[in-house]
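K.L.:
Residues per chain, in single letters:
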Amino acid sequence: MLKDENKILAREVTPPSVYFNRRNFIRAGILAASAVATGVVYRKLNPVGTNSGPSVQTAKIEGVQKPAATATNDNSGFTVNEPETPFEDITHYNNFYEFSTDKEEVATAAANFKTTGWTVSVEGLVNKPKVFALDDLLKIAPPEERIYRMRCVEAWSMVIPWVGFSFSKLLNVVEPLSSAKYVAFQTLLDPARMPGQRSNVLDWPYAEGLRMDEAMHPLTILASGIYGRALPPQDGAPIRMIIPWKYGFKGIKSIVKIKLLETQPRTTWSAYAPKEYGFYANVNPHVDHPRWSQATEQRIGEPGRRPTLMFNGYEAQVGHLYAGMDLRKNF
Amino acid sequence: MKEDDIRFIKLLVLVNGLVPLALLAWDQSHHRLGANPQNFLILTTGMMTLIFLMLTMAVTPVRKVFGLNWVIHLRRMFGLYAFFYGCLHFLSFYSLDRAFSLSSTLHEIVARKYIWFGITALLVMVPLAVTSTNAMIKRLGGKRWRALHRLAYVAAVGGVIHYHMQVKADVRLPLVFAAVLSVLFGYRLLDTWRQRKPALLAWTLSRSEPPRKD
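Chains L and Y supply the protein sequences, listed in that same order.
Okay, so the first sequence: first residue is 863 according to the working numbering, each after it adds one.
Okay, so the second sequence: first residue is 26 according to the working numbering, each after it adds one.
Incorrect hints may appear among the rest.
What the hints assert, rightly or not - Computed footprint of chain L on chain Y; a stretch qualifies when at least three of its residues, placed anywhere within it, have a C-beta under 8 angstroms from a C-beta of chain L:
{"id": "1", "segment": "34–42"}
{"id": "2", "segment": "136–142"}
{"id": "3", "segment": "170–184"}
{"id": "4", "segment": "187–193"}
Simulated from the structure, these hints should not be mistaken for laboratory data.
None of the values given here were measured: they were computed from a predicted structure.
Glycine included, C-beta positions come from ideal geometry on N, C-alpha and C.
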């Protein structure tokens, strides 16, 4: 019989039960680790799942007049008898491409946006052009609460208690010339502070415009707050436009320049895709977006969909502005 | 690779494929899907469908380029997961967006071009899922089965177009999927061409490893 030094003695062999146990143990470990890794990757890609971004606490606006006090009659449209969208949703579901194209990322991306030293230049066809310091601009008229429906062109909607005053009050201060037919608006251009502007997903700076009669309409407001507090960055701080019967993208944010013109100004979305977004962009359930329906909308916080109203429910107030116009052509 | 190891790797894929669904369900039950949970569910299930379609299409290139023959055993599960998430995607559209209304679902399917592409992608996956069993492969015969399962290409292309068409302006993510898809198709074209011109490209062949035994 040969003696083999390397021979493993039968008693030294790991018993199969132990061997397989160890193997199963390792495998269970690999399985668990991989599932955790997949979960971590999922969370990285979907941070909304873990939390809804930083909560914001901006300064309270003093002396806000409630709609009951400001509404001249029930037909003003200054308030709406529908549940208000929660503050957390209004501040964590935003289209603001200057910060991010992901609606749920904007709050985080805009969290450190500073508006100190903000000025708004009002120029063009006016008697008294002026560069307003923000504080002076906000002193033009007392702040009012306006509870408006907000209908996004993407077919979702909210009800938002804005704080602001009618834009016409600013126009009255600068005294438009009779030749002024349009108002053009411009957002801040500063890629260092607005990281979204470092990519050319849109043609910066963001520009919007209104016809003079639209701009003068009492429903059209210059807004500086929501829920009685100053606008958080993600909602367009420090000052933005709200035109409640138009799709949300008309409500230009973080405005630095307002110019009165004789001709219709170039506006960002209609320049980007003229067949999809018009200059007027009035909410209209009968004129679909080329790619999706505008007949219904998804109210944030509600299950299912609700029908979209003509002019977003403000037909009684603004319908006459478009009398005789073909709204399929002028969408 | 041993059969036992392959079974374990399949288990790995099975479990990991369910992780996103488990997290979706968990977040949903804790109201942590954000301001627009229905959109989030529709978008995420759609995204998972695309990811699994890409994985399905990546099996053959990975197997041939890296000589990892065992990956072929994962293809069926990738494909079935794509179909599974595709069904969830459609069901969440039908239930959450269309509120279980058959007529409005049908109306939207007809009216929206981007849905044409999506529904085509989903429908072509039905015969693929049905014929995914070993018995069906035998019944159809390898050649016919392989021809039928080229429909996976239609599903992948349709799915990516479907996604691209509804993005408002930021098309970066759909373009990433399109780029991955082009690489996977590019490989297939190159591979076919190579097989037809073996003499010319003998050197390329010599660099890629011969098929290994499992």
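K.L.:
Does each hint hold? Answer for all of them.
P.N.:
Comparing the hints with the structure gives:
no.	hint	verdict
1	34–42	holds (count 4)
2	136–142	holds (count 4)
3	170–184	violated (count 0)
4	187–193	holds (count 3)
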